[in-house]
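Chain R is fixed; fit chain V onto it per the hints.
Protein chains in written order, with the UniProt record's numbering: chain R, 1 to 268; chain V, 1 to 415.
I should point out that these hints are in silico values taken from the structure, not numbers from a laboratory.
You may find that some hints are simply not true.
Claimed, not checked - Derived pair list, reagent style SDA-like, types lysine to any residue, alpha-carbon separation capped at 20 Å:
1. Lys101/V x Leu128/R
2. Lys83/V x Ser62/R
3. Lys83/V x Met134/R
4. Lys123/R x Gly104/V
5. Lys296/V x Ile196/R
6. Lys296/V x Ile47/R
7. Lys107/V x Ile121/R
8. Lys107/V x Thr124/R
9. Lys270/V x Leu33/R
Bear in mind the structure is a predicted one, so any value in this text is a computation, not a measurement.
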Amino acid sequence: MVSRLFKLLIPVFLTGMVLLNIIPLLLLIFLSLGSSWMWPHLFPGPISLSSWKYVINPAAGSLPALKTSLQIALTATLINLILAMPAAKSLAHYHFKGRKACELILLLPALIPPWAVITGIHKTFIYLNLTDTMSGVILAHLLPTLPYMVRALTISFASIDYSLEEQAYLLGGNKSQTFFYITLPQLLPGIAAGSILSVLISLSEYLTTLIIGGGQVLTLTLVMFPFVNGGNPSIGAAYSLLFALMALITLFSLDTFINRYYSENKLY
Amino acid sequence: MFKKILALFLTLGLLTAPLAGCRQTASLSPDKELLQADFSQIQKEARGQTVAIYMWGGDESVNRYMDEWVAPRVEKELGIKLKRVPINDAREMINKLLTEKEAGKTKGSIDIMWINGENFKLAKDNDLLWGPFVDKLPNYNRYIDGEDYQIKYDFGEDTEGLEAPWGKAQFVFIYDSNKIASPPDTVEALKAWIKDNPGRFTYPAPPDFTGSAFIRQILAGVSSNYDRYLTASLDRESLETEITPLWDYLNQIKPYLWQKGITYPENIAKLNELYAQGEVYMTMSYNPNYADNMIKQGRFPATTRTFVLKNGSLANTHYLAIPFNAPHKAGAMAVIDYLLSFEAQLAKFDPANWGDGLAISLAKLSPEEKEKLKQIKPGKAALSPEELEKYKLPELSGAYVDIIEEGWFNHVAKN
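Okay, chain R solo, but in the shape it has when bound:
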């Protein structure tokens, strides 16, 4: 009885989930087309392309901003990957005194609100000549993103079957061969998950980009925020959709790239 009821509820639940995800997106699309779809009207109002024309127009600088956003997010993610790999391995593999404390310290940046530390970072970066530069922004983006990468990789490392590594050594494989052919492929799901989080967080970062970049490093988030926040909601919606599209394409290519790279090279 209960299980039948449950089976009946599943489609209802799924439709609800889909609607919850699709309705806001639809509203964004209508809003970006300058149209409103309000009670008591059955159909949305007339549409206009003026917001999209503004966003696409070269003078608005959306394309360079998009490029800057991606450059920062992808570079930060790559650095995260390199930094997080040894930390995650140690956390998952070795049992040493203070391991829990180390884990907590590595997670802290994600728990502390950014505006609490940003002024200090800003000052330090001024002394180091890193403000108003893209490298400064990338470095600052490591702070909120690195913890997620460490977390994702730690879980991946923990689930690795180390006997395979030992086997590789026994068969005469050296350290780097073992890492690239045995360990790395097993880490793929963790790498994918960590990269996706890192890219997404970096793309949507506003405060650190604004303060460390000082307006000289213009990402899409910086350009769109004044519109979303009380400016022109229609242009804000168009920017939001552009942002969502950019994030989606990046995530999709990242995922395909990682998977294809290893299946093509037949490393499994």
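Chain V in isolation, oriented as in the chain R frame:
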């Protein structure tokens, strides 16, 4: 091996960072000379510079005027590349400059910033501005009436030549002529209208810029001696007691507001949305051409019109300033001078571009220039410049703005 290389890099990096810092300070001595130099010399030095102008980036017409009208002309005529940096709130620039000042950063990134009111006061009080520079600009001397109260004083604060006026804004109410035959014309009539039409009026909650201005607009209407508030002489408590008529007025209309005054729209965009949907019959703006722009964008009904209260309509001036650590001060001066030229002001005044009020004085224009100005007609939803001029009132002291906003929470919102 790898560790050694890493250590080497880190050491080198740490050693060179302060060196780079020293190099920056060396090129900053001629700043004072710039204020003594001839303007043609300044323009010569400005050629080839890239000038970064930091300004609120949430309005399509403003951005378009800068990107499509100003930038190409400045590049062609002055040889300066103009870079517009969109920001969300002018306070962000002030915070950036405060930290830079504290850290001793003498070469910043902002060349020009668009500010007024409390942000100007903050910048001035903390010595964040470079100058005084306005009397160096030929177009300032030619077109601006520097003694005009509305230009010399920015929300009651003496500008002291540290910022150049760029344009003017005035507070207007916007209504749908399809739903309201004749709009109220005094503060008292507005109250009566709100009571007769429950749920059809509201205002954005402060600290929203427009909502805060609405409250000051009502204050101007209910107080018998408004001029008293132009300079800050009262402390918080005496001011809050003295403006009791304002709290009374706002509390009396509260039960008749949208949602019975239990909640207020959090910003002007929300109120405009309510108006566009026809839920409320009035909205408001600090831009007299706003209704017209919105009709053109198809977001407000075509029957939308504008009105002002005969008790007076608040007006303020917005300005351009150069920060103490602007890297291209000559370029900044040349660009600001260009923005004060008749052509740039005229194009900015044209509702087809931006529709912002003129900073230049009508009395200083030549007959031909006056003729050109007459060619530009306000949109059908906007009021004529004469009508706006008739009821114009200066803004009260910037020091009072925060007090009134906080007072509103205690005396009105919490009730």
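Verification of the hints:
1. A threshold of 20 Å between alpha carbons decides the hint, and for Lys101/V with Leu128/R the separation of about 15 Å falls inside it, so the pair holds.
2. For the hint linking Lys83/V to Ser62/R, the alpha-carbon distance of about 14 Å falls within 20 Å, and the restraint holds.
3. Taking the CA atoms of Lys83/V and Met134/R, the gap is about 17 Å. The hint holds against a cut of 20 Å.
4. For the hint pairing Lys123/R with Gly104/V, the CA-to-CA distance comes to about 9 Å; that is within 20 Å, so the pair holds.
5. Note on Lys296/V and Ile196/R: the hinted pairing is violated, with a Cα-Cα distance of about 42 Å set against a maximum of 20 Å.
6. Only pairs whose Cα atoms come within 20 Å are accepted, and Lys296/V paired with Ile47/R is accepted, the gap being roughly 13 Å.
7. The hinted pair formed by Lys107/V and Ile121/R meets the criterion: a straight-line CA distance of about 18 Å does not exceed 20 Å.
8. Taking the CA atoms of Lys107/V and Thr124/R, the gap is about 16 Å. The hint holds against a cut of 20 Å.
9. Only pairs whose Cα atoms come within 20 Å are accepted, and Lys270/V paired with Leu33/R is accepted, the gap being roughly 18 Å.
Going through the hint list in order, the structure does not satisfy hint 5, though it satisfies all others.
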